[in-house]
Structures are given as C-alpha cells and as structure tokens.
Amino acid sequence: MKNGQTLYYTSLNDAVAEARDGETVEVLESTTISSALEIKNNITIDGNGNTVTADKCVGLYIKADLSKLTVTDLTLKGVLPEGSLAGEGGTGSFMGIGTYNGCYGVGDLQLTNVTIDGFSYGLYFGKNPAGGNGPYNENPVSVTANNLTVQNCYIKGAYFEKLTDSTFTSCKFLNNGTDDTKVESGFRTWMCGVDINLKNGSYKNISFVGCTFTNNGANSGTALLIKARDDGNYGETTSLDGATVSGCTFANNHGTTPVILGEPGKGNKTPVNVSIQSDVKYTSNVAAASNFTVTFNSNGGTEYATQLVEADSEIILPTPSKSGYIFLGWRCGENTYNAGATVKVTADMAFSAVWGNLPDVKPDTKPDQPVVTEFPFYDVAASAWYYDAVKYVYDKGLMDGVDTHEFAPNATLTRAMVWTILARAEGVDTTGGSSWYAKAQEWVVAKGVSDGENPNAAITRQELVTMLYRLAGSPTVTGSLTAPDASSVSNWAKDAMLWAMNLGLVEGDENGAVTPTATATRAQAAALIMRYTTK
Numbered sequence: 331m332k333n334g335q336t337l338y339y340t341s342l343n344d345a346v347a348e349a350r351d352g353e354t355v356e357v358l359e360s361t362t363i364s365s366a367l368e369i370k371n372n373i374t375i376d377g378n379g380n381t382v383t384a385d386k387c388v389g390l391y392i393k394a395d396l397s398k399l400t401v402t403d404l405t406l407k408g409v410l411p412e413g414s415l416a417g418e419g420g421t422g423s424f425m426g427i428g429t430y431n432g433c434y435g436v437g438d439l440q441l442t443n444v445t446i447d448g449f450s451y452g453l454y455f456g457k458n459p460a461g462g463n464g465p466y467n468e469n470p471v472s473v474t475a476n477n478l479t480v481q482n483c484y485i486k487g488a489y490f491e492k493l494t495d496s497t498f499t500s501c502k503f504l505n506n507g508t509d510d511t512k513v514e515s516g517f518r519t520w521m522c523g524v525d526i527n528l529k530n531g532s533y534k535n536i537s538f539v540g541c542t543f544t545n546n547g548a549n550s551g552t553a554l555l556i557k558a559r560d561d562g563n564y565g566e567t568t569s570l571d572g573a574t575v576s577g578c579t580f581a582n583n584h585g586t587t588p589v590i591l592g593e594p595g596k597g598n599k600t601p602v603n604v605s606i607q608s609d610v611k612y613t614s615n616v617a618a619a620s621n622f623t624v625t626f627n628s629n630g631g632t633e634y635a636t637q638l639v640e641a642d643s644e645i646i647l648p649t650p651s652k653s654g655y656i657f658l659g660w661r662c663g664e665n666t667y668n669a670g671a672t673v674k675v676t677a678d679m680a681f682s683a684v685w686g687n688l689p690d691v692k693p694d695t696k697p698d699q700p701v702v703t704e705f706p707f708y709d710v711a712a713s714a715w716y717y718d719a720v721k722y723v724y725d726k727g728l729m730d731g732v733d734t735h736e737f738a739p740n741a742t743l744t745r746a747m748v749w750t751i752l753a754r755a756e757g758v759d760t761t762g763g764s765s766w767y768a769k770a771q772e773w774v775v776a777k778g779v780s781d782g783e784n785p786n787a788a789i790t791r792q793e794l795v796t797m798l799y800r801l802a803g804s805p806t807v808t809g810s811l812t813a814p815d816a817s818s819v820s821n822w823a824k825d826a827m828l829w830a831m832n833l834g835l836v837e838g839d840e841n842g843a844v845t846p847t848a849t850a851t852r853a854q855a856a857a858l859i860m861r862y863t864t865k
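If you're matching positions, the sequence shown starts at 331 in the numbering used here and goes up one per residue.
There may be inaccurate statements among the hints.
DEER-style ranges, computed between Cβ atoms [as the list claims (entries may be wrong)]: (1) Asp642 <-> Thr761: 47 to 57 Å; (2) Ser810 <-> Thr632: 39 to 49 Å; (3) Glu644 <-> Ala347: 27 to 37 Å; (4) Ser360 <-> Gly572: 37 to 47 Å; (5) Glu837 <-> Glu756: 51 to 61 Å.
With a straight-line Cα cutoff of 35 Å, these simulated DSBU-like cross-link-like pairs (lysine-lysine) come out [claimed, not checked]: (6) Lys407 <-> Lys611; (7) Lys502 <-> Lys370; (8) Lys674 <-> Lys512; (9) Lys534 <-> Lys370; (10) Lys777 <-> Lys721; (11) Lys370 <-> Lys393; (12) Lys534 <-> Lys674; (13) Lys512 <-> Lys502; (14) Lys611 <-> Lys652; (15) Lys824 <-> Lys777; (16) Lys824 <-> Lys674; (17) Lys652 <-> Lys674; (18) Lys386 <-> Lys407; (19) Lys611 <-> Lys721; (20) Lys386 <-> Lys370; (21) Lys398 <-> Lys386; (22) Lys407 <-> Lys502; (23) Lys407 <-> Lys534; (24) Lys652 <-> Lys777; (25) Lys865 <-> Lys721; (26) Lys865 <-> Lys824; (27) Lys512 <-> Lys652; (28) Lys534 <-> Lys502; (29) Lys534 <-> Lys652; (30) Lys777 <-> Lys674; (31) Lys534 <-> Lys393; (32) Lys777 <-> Lys611.
I should point out that these hints are in silico values taken from the structure, not numbers from a laboratory. Backbone N, C-alpha and C fix where the C-beta goes; we use that ideal spot for every residue, glycine too.
Start from the sequences, fold in the hints, and give me the full structure.
Take a look at the structure:
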C-alpha cells in the first residue's frame with residue numbers, strides 16, 4: 331500500500347524496493363526470488379501465510395539502519411547451489427534475514443509467525459564490517475519474536491554480534507547446524523542453534539521464554555550459546571547484563587551442554603544477572619565433559635535457577651525456606667548435603683530438598699506411652715542397622731518422617747529440631763511462641779541442656795551427645811577417651827563423649843573413631859535417643 335492506495339507489482343523485489351517508511355508489502359502468493367529482497371526503509375512485510383523461496387540468494391537483506399522492520403506470517407525457504415557447501419557471505423542462501431556488509435542496526439525487529447528454513451544462517455546480524463575494516467556500526471539490534479521457527483539451517487539457526495532488549499517467545503529452533511559434511515571446513519566448529527556472540531558494546535535483557543530447542547549443533551556446538559566477547563580479540567569492552575531462559579525445552583541437542591554461557595577456553599566475560607529458571611527442561615541431550623548442568627528441586631520451597639557449571643569447579647549449595655517445614659539438606663543420588671556445603675561438580679547433578687515436619691507429639695505424651703502406628707517408611711529397610719532405632723523413635727512419637735513414607739535416614743537434623751524432640755519427650759508443651767521452636771528453645775536454655783544458639787544449624791555428633799549428657803544431669807565420669815580421634819573432641823564435650831561411650835550410647839566406626847565434629851544424621855540421632863531412653 332502506497333499513499334493510501336494499493337499498488338500491485340509483478341515482482342516482489344520491485345515491491346520491496348519501492349516501499350517507503352510506514353508502508354506495507356503484502357505477499358499475495360508464494361513465489362521464488364533469485365536475488366535478495368533489499369530492505370532500506372522502515373516497512374512491514376505481510377506474508378499472508380505464503381512462502382518466498384530464495385533460490386541461491388539471501389532472503390531479506392537489510393541494507394540500511396532501520397528504526398523498525400516488521401515481518402509477519404511468512405515462510406522464507408533457502409536453496410543452496412547444487413554441490414556447494416554452506417559458508418559465510420558470498421553467493422547462495424547465506425542468510426534468511428539479516429545484515430552482513432555494513433552491519434546495520436534495527437531498533438525494533440518484529441517477527442511474528444515467521445519460518446526460516448534451509449539457509450546457512452537463519453538470522454545473521456554482524457557487528458564489524460566484512461573483513462574487520464572500517465568503524466563498527468553502533469546502532470542496536472532489538473528483536474521481538476513470537477512463534478518464530480528457524481529450522482534446517484546449515485551453520486547456525488541464529489547468529490548475533492549485537493543484540494539488546496530482545497525477547498524470543500514460543501519460538502522453535504530445530505535441526506540447525508547438524509551436518510558438517512554440508513558446511514565449509516572453517517565454519518564447522520561452532521555449528522549450533524543460536525549463537526549470541528556479542529562484541530564491542532554494552533548489551534542487556536535478552537530473554538528466551540517458552541522456546542523449544544531440538545536437535546541442534548554438531549562437533550563443539552550446542553543449542554544456545556550466550557557470550558559477551560571481552561577476550562582480547564576486540565578493542566572495546568563488551569558486556570551483557572541480564573539473560574533469562576524460562577519455560578524452554580532442550581531435547582536431543584549436541585555439544586558440551588544445551589546452554590553455554592561464555593566461550594570455553596577463552597577469557598571473555600560471561601553475562602551477568604543470568605536467570606535459567608527451574609521450569610527449563612532438558613531431555614536426552616548429548617553432553618561432553620567440559621560443562622555440567624546443576625538443577626535444584628526445592629519441593630515447594632525457595633526456587634533456584636539451573637546452573638551451568640564448568641567441569642571440576644565448585645558450587646555452594648543454597649539455603650531454601652518453606653513455610654511450616656524444617657530444611658534438612660539437599661539430596662543428590664545417595665548423598666545428602668547441608669545448606670552452604672561446597673560441592674565439586676564432576677557430572678550433571680540434580681539436588682532435591684529434604685524437608686522435615688515437626689514431630690506431632692502431644693505435650694503429655696511420654697516415651698513409655700507409645701503411639702501405636704504402622705511403620706510407614708519405604709527408605710528404612712528391615713536389614714538396616716538403624717531400623718530398630720527409627721522404628722522406636724517413630725512408635726514413641728519422638729521423631730516423624732520428612733514425608734508420609736520417607737524418613738531420610740542420611741539427612742541431617744537442626745539444633746532446633748533436637749531441642750523440640752527432647753522437650754516433647756520430657757512432656758513440655760512446645761506450642762506457641764514467636765517461632766515453632768521458641769518454647770523448646772526456652773526450655774533447653776532453662777534446663778541447661780543447650781545455649782539456645784544457632785537454631786537452624788545442623789547439629790554435630792558432639793553437640794547431640796552433650797545435650798543428652800546435660801539432660802541426664804551431667805553425671806561425674808571417670809577415665810579418659812581412648813578413641814583414635816579423641817583429640818578432635820572439643821574440651822566442652824569431652825566429659826559428655828566419655829559418658830556416652832561408657833554407656834554404649836556412642837560406638838566408633840570400624841577404626842574406633844567417633845567423628846565428633848561430623849553432622850549427625852537422622853539415623854544416628856534416632857539410635858542415640860533410643861539408647862539414651864532405654865538405658
């Protein structure tokens with residue numbers, strides 16, 4: 331439409347060339363072009379659901395700085411010259427939409443219901459001019475893409491050397507960069523789905539929301555790479571502040587990991603303020619060993635983003651919270667870790683939060699008045715050394731499971747939870763107070779059982795023994811500790827540890843060591859409490 335009138339062209343190239351700022355070019359039927367549609371003005375291209383086949387040429391070639399370009403309801407199909415290999419620039423279907431020589435900017439690139447299929451690059455936006463000659467183009471590229479599909483592109487589905495304030499929503503990146511036999515040798519290393527390779531500038535707020543990445547990347551490539559190049563190869567500082575991946579699905583992608591932040595082996599800056607949300611799904615991706623994925627399932631507690639971690643590096647586990655529950659630790663495979671623990675990452679790791687319910691024992695319930703219930707815990711085998719102890723404390727109402735059928739024997743206990751168990755075992759009413767453990771805390775301090783400090787800290791073996799010793803009235807002990815690690819017992823705990831060993835409450839390991847500063851597991855606590863109350 332031009333000056334309020336609809337004009338008809340026999341050539342789509344002519345229609346695009348004649349369109350001026352604010353005008354719309356409508357594609358009325360599917361067509362084939364043999365030379366690129368050169369975009370020099372702020373126009374809208376409405377494909378009306380039709381296909382434009384780029385026969386050995388670029389699709390939409392941006393040839394000027396634009397404030398806005400809108401493309402809707404259009405399929406761009408690339409056709410490589412027969413017998414040729416995909417490469418960069420030159421002839422052939424190099425890119426579906428983008429800019430190369432000149433590296434122009436687009437202040438607002440709107441892509442809605444667009445499919446780009448079979449080019450070397452689906453989207454290509456460079457920063458530096460061809461060959462690196464001349465000044466850098468500082469005009470930004472900002473993309474708002476909804477229901478964009480980029481598929482079957484030989485090198486990369488999308489490549490950006492500049493990109494800022496951009497959102498990709500419900501987009502699909504499928505089968506891009508998968509066959510290096512169809513690509514020139516110089517471009518085989520980083521074949522991938524999307525490569526955000528930012529150069530020479532400050533960029534911010536790039537989001538992928540509800541997108542699908544399937545079967546992308548070969549060799550060292552992958553589904554999604556996000557990096558800000560500041561590795562000494564370029565003259566200016568580069569940064570990216572804000573990158574979000576939310577609600578996306580990654581399946582059957584290749585490379586080091588489905589999402590790579592920064593470029594392995596180079597000193598460039600990775601993005602800051604990165605959020606890879608917990609709702610991201612990874613399915614059957616092919617991963618090498620240089621990066622690993624760390625996920626957190628908080629089971630209703632504080633949510634944490636998925637982390638992409640370099641192999642053999644260390645992470646510090648967070649401390650989640652959940653109303654009405656006590657955090658007992660992070661379970662990963664057969665291991666349980668405390669909050670704040672430092673963990674070396676040598677493989678993909680999935681951490682699941684373990685929560686504890688407060689023991690549901692009435693104030694007047696005594697240890698010799700058992701609560702008769704069926705033993706419910708699937709994770710406590712009858713052959714386990716702690717089976718009798720767990721059954722005892724459960725039947726007596728002294729300890730409950732972390733869930734209906736889960737006791738979590740290898741998880742830790744907090745000091746506050748032990749206060750509450752001991753107080754209720756003594757018939758103390760622990761209801762009320764400013765926190766769930768306030769009444770128990772007051773009681774243990776008044777009785778001299780504990781100092782009442784650090785309620786949320788995991789309790790150590792020597793702390794638990796000392797509380798039981800003080801609850802017993804701090805009886806006089808004789809003799810000395812003979813355990814091989816006796817010197818590691820704190821001075822304030824020596825009498826308590828000697829008392830506990832003399833009574834058989836504490837048994838050393840196969841070497842006789844009592845490991846006093848190790849955190850006490852729920853199974854160990856159950857055993858100590860059973861032995862104490864039955865002596």
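Structure-based check of each hint:
1. Asp642 <-> Thr761: 47 to 57 Å: Since Asp642 and Thr761 have Cβ atoms about 49 Å apart, the given range 47 to 57 Å holds.
2. Ser810 <-> Thr632: 39 to 49 Å: holds, 46 Å
3. Glu644 <-> Ala347: 27 to 37 Å: violated, 58 Å
4. Ser360 <-> Gly572: 37 to 47 Å: holds, 39 Å
5. Glu837 <-> Glu756: 51 to 61 Å: violated, 25 Å
6. Lys407 <-> Lys611: holds, 30 Å
7. Lys502 <-> Lys370: Status holds; Cα separation ~28 Å.
8. Lys674 <-> Lys512: Not OK: Lys674 and Lys512 at ~40 Å, beyond 35 Å, violated.
9. Lys534 <-> Lys370: Roughly 26 Å between the alpha carbons, so the hint for Lys534 and Lys370 holds.
10. Lys777 <-> Lys721: Given that 35 Å is the threshold and the Cα spacing comes to 28 Å, the pair holds.
11. Lys370 <-> Lys393: Since the Cα atoms of Lys370 and Lys393 sit roughly 5 Å apart, the hinted pair holds (cutoff 35 Å).
12. Lys534 <-> Lys674: The hint holds at about 31 Å.
13. Lys512 <-> Lys502: holds, 22 Å
14. Lys611 <-> Lys652: holds, 23 Å
15. Lys824 <-> Lys777: Between Lys824 and Lys777 the Cα gap is close to 20 Å, so the pair holds against 35 Å.
16. Lys824 <-> Lys674: holds, 33 Å
17. Lys652 <-> Lys674: holds, 26 Å
18. Lys386 <-> Lys407: Judged against 35 Å, a Cα distance of about 10 Å means the pair holds.
19. Lys611 <-> Lys721: Distance of about 39 Å is beyond 35 Å: violated.
20. Lys386 <-> Lys370: Judged against 35 Å, a Cα distance of about 21 Å means the pair holds.
21. Lys398 <-> Lys386: Distance ~27 Å between Lys398 and Lys386 Cα, so the pair holds.
22. Lys407 <-> Lys502: holds, 16 Å
23. Lys407 <-> Lys534: holds, 31 Å
24. Lys652 <-> Lys777: holds, 30 Å
25. Lys865 <-> Lys721: Holds, at roughly 17 Å.
26. Lys865 <-> Lys824: Holds: Lys865 and Lys824 sit about 20 Å apart, inside 35 Å.
27. Lys512 <-> Lys652: violated, 53 Å
28. Lys534 <-> Lys502: Roughly 22 Å between the alpha carbons, so the hint for Lys534 and Lys502 holds.
29. Lys534 <-> Lys652: Given pair Lys534, Lys652 holds - Cα atoms ~33 Å apart, limit 35 Å.
30. Lys777 <-> Lys674: Measuring from Cα to Cα gives roughly 42 Å; hence the hint is violated.
31. Lys534 <-> Lys393: holds, 25 Å
32. Lys777 <-> Lys611: violated, 51 Å
When the structure is compared with the earlier hints, violations turn up for hints 3, 5, 8, 19, 27, 30, 32 and for no others.
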